[in-house]
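S.K.: Sequence:
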Amino acid sequence: MTENGKDLTSAVLGNRIRQARKDAGLSQVRLAQLLNTTQSAISLYEAGQRAVGIDMLLNVARILNRPLHYFLGAIDEVLYVRDSRIANLANELEKRPQDIEELLEYWEFVRWRNAQEREQGLELVGGS
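Residues 50 to 177, numbered by the working numbering, are exactly what the sequence shown covers, in order.
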């Protein structure tokens, strides 16, 4: 338990519900309507001050289009990826860790190239 009476699991679960709701573009009121509950209940779930039953959590996951493990996974292990290609890449990299360095080097190159393009764009705008 933490000092304010919330356990870490409830706090993490609440934060994940809040983040998934915001990512879905829903207000607490709208999510409550979709779940046939109250805005107050959603607020308490998100604050980690009210236990979320498994049936409610299943409905939350379905409505917010997240896998159940997004909400229940280990604290440091949850990574939600909107683009399945990125998730597939992560899975492949687990099988071939030697490729990670090469991929990171390429990513640094892409970031550098994008920065160069931005600078050139600013020079063109400033030089007009």
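Hints listed in this document are in silico derivations from the structure and should not be mistaken for laboratory results. Quick reminder that beta carbons are idealized off the backbone N, C-alpha and C, glycines included. Any given hint might turn out to be false.
Quick list of the computed label-pair ranges, beta carbon to beta carbon [unchecked claim]:
no.	residue 1	residue 2	range
1	P116	Q169	37 to 43 Å
2	V159	R99	41 to 47 Å
3	R160	I103	40 to 46 Å
S.K.: Starting from the range 37 to 43 Å, see whether the pair P116 and Q169 falls in it by beta-carbon distance.
M.R.: holds (42 Å)
S.K.: At the C-beta level, are R160 and I103 separated by a distance inside 40 to 46 Å?
M.R.: About 42 Å separates the Cβ atoms of R160 and I103, which means 40 to 46 Å holds.
S.K.: At the C-beta level, are V159 and R99 separated by a distance inside 41 to 47 Å?
M.R.: holds (44 Å)
In this structure, none of the earlier numbered hints is contradicted; all agree with it.
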